[in-house]
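The listed protein sequences correspond, in order, to chains L and P.
Read in order, the letters of the first sequence correspond to residues 30 to 369 in this note's numbering.
Read in order, the letters of the second sequence correspond to residues 30 to 369 in this note's numbering.
Since the hints were made in silico from the structure, they are not lab data.
Please note that a few of the clues may not be correct.
The list makes no distinction among identical chains, and a pair is therefore deemed to hold if it is satisfied within one copy or across any two copies.
What the hints assert, rightly or not - Pairs of lysine-lysine, BS3-like flavour, derived with a Cα cap of 25 Å: (1) Lys35 to Lys143; (2) Lys35 to Lys109; (3) Lys109 to Lys143.
There are 2 protein chains.
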Amino acid sequence: MAVTIKDVAAAAGVSQSTVSRALSMPELVSPVTRARVQAAARRLGYEPNRAARGLITGRTANLGLVVPDLANPLFAAVVKGVQAAARAADYSVFIADTDEDASAEPGLLRALAKQVDGIVLCSPRSPDAELTEAGTDTPVVLMNRQVAGYPAVTVDNADGMRQAVEHLAALGHRRVCYVAGPRSSWSNGQREQGLRATAEAVGVDLVHLGHFPPRFDGGVAAADLALASGASAVVAYNDIVALGLLSRLGARGVAVPDRISVLGCDDIPMSAMTHPALTTVAVPQHEAGRAAVAMLLALLSDAGPTAPQRELATQLVVRATTGVAPDPAALTDRRADRSR
Amino acid sequence: MAVTIKDVAAAAGVSQSTVSRALSMPELVSPVTRARVQAAARRLGYEPNRAARGLITGRTANLGLVVPDLANPLFAAVVKGVQAAARAADYSVFIADTDEDASAEPGLLRALAKQVDGIVLCSPRSPDAELTEAGTDTPVVLMNRQVAGYPAVTVDNADGMRQAVEHLAALGHRRVCYVAGPRSSWSNGQREQGLRATAEAVGVDLVHLGHFPPRFDGGVAAADLALASGASAVVAYNDIVALGLLSRLGARGVAVPDRISVLGCDDIPMSAMTHPALTTVAVPQHEAGRAAVAMLLALLSDAGPTAPQRELATQLVVRATTGVAPDPAALTDRRADRSR
DNA sequence: GTCACTCTTGCAATCCTTTGCAGCAACCGA
DNA sequence: TCGGTTGCTGCAAAGGATTGCAAGAGTGAC
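Build out the structure end to end from the sequences listed, making use of the hints.
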């Protein structure tokens, strides 16, 4: 049998209430009693029973985290950030994975809601309406999405795209194509918008390509279209798609970046490991995870506004898949281009 | 306020005990009462309070999962498998990530133990002694490791290596090098052993290379050594290391598989996406996760032996990084070439 | 008609902790 | 010396579900 508060009380010669207070509100008991109780608790190896505590306080000391796909390294980073922040505050984390299935979100949310104090909902795919409908009484912080009335942590996707386009423009690119991600992704919308605004501002033609699944094969499928679009640079919805692009381009013998530049987004670890290494826009997902938990915890303790917003900066990381735009004349003759 | 069993009892006109029984031991109440209670429960949207139930039953309906690194796609697969099996049995899962830090394991284990009914310990890095020492009263199932007295789910690493070596031998390779993983990894030990046994049996020279961290840069670091070892094929501890090897070989302009063959282990999704695609030994981690949960659940219900073992089959997946061994004469030619 | 038995159901204790309230002592100022 | 604080401590009541025990109703056999 586990040691209970009663055992500690007996050992210290005080009542259960005093033990409880000595351990969780130490300033309420006299120093000498406090010391005696704490000594007894430590000696007996007492650990409060979380179920009993939760029963009366109504709190579980657990947080929930919902991500679209754990196998995506981006979300692995989020998970690690969330875990770290939660552990520091003595919270544990339940993780649920929707497998990119938007229709699974409301159900998971409801299931989680009962056993956690708050939920971090990362990159939700559900339409806003369903999201608010599934809205329980449990506090929720959104990540990578903004919905009116909800607190949210986002990254400045538009600014990341601005950096990307300006980088490409500076390299002489005049026609850039964007391989779009899921229509239901808020981040994708933000990226499209940032892209469009900057493209117009710097005088770059923007070609919009389909909506592709945010996976490797999405990039593979998009590569030929990108090549045929006449663009000299491709911006992908994320790094995994960019990796798919690179793969297909490589298979077709298309030189990157000599013939076409490729740019990803997220800066997952794999991006630095490809050949050539991927130029990408780094989004601080680990930090975003921490921030989301901090926000959630603040919400739980009733501090601050009920729908705070926090936006984290993005940063272009220039590696080897972006280069000077090919001379339009040379485009038809690759050999001439190379020998330049 | 949430709806409690009391509300359901009042609505159905029965006592709390009857409600409790109607919902969790339906065969104990009369069909008509049962129907009335269940209808009331559904109508009111009743969900039992897990804390209250846990308080009296001593069960949490939670499982714990400890993995070395969530960012490793291999473990992401394990997580998904565990989640799926747990959800099917109405358990939730706490996940802890040790960041490949063996010394963090005992602490995490202890912290988890209090809030779960059982733990799946995946690829533990701690020495056996520490593991058993940290051994709590909480049931634990090991994955990718066997320790006397513990139930475990493993994969047949040795047989996977047999398939790998026989494949290489059939391609004419006579000297193969192994890029070893962490010394503390049980899987690594099994792989070394399987490799050695088969190499001897088929008459292949085996060169053992260091112990490298199971990461991309481990492979990068090992590549030059592998090349210098005179082997015509390299087997890597896992796919990520193999990817590192490929990267460094590519950077040095070494042709794969013409000059040297590369073989990974695990079959992570990325392996199929490289150029050339990686030949590897697939280990069914998703299924292993499911199996581990099944075993844990059986343990919790007191069925079967206290230390059951289950071993899953591995399967060589031949892709494009393994090929016919280069002609030894050609090998020296090329070496002379490079030393010029 | 009565006894023994089964089938349902309700009562009430229990799990462990937190917390409002009250009691008690000591201490301060008047 | 006494009333009023202040500071600690203990009592006891939750909190929501499970479960051993017992009571009541119904059934079948003699």
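Hint check results:
no. : hint             : verdict
1   : Lys35 to Lys143  : between (29 Å within a copy, 18 Å between copies)
2   : Lys35 to Lys109  : neither (37 Å within a copy, 41 Å between copies)
3   : Lys109 to Lys143 : both (23 Å within a copy, 22 Å between copies)
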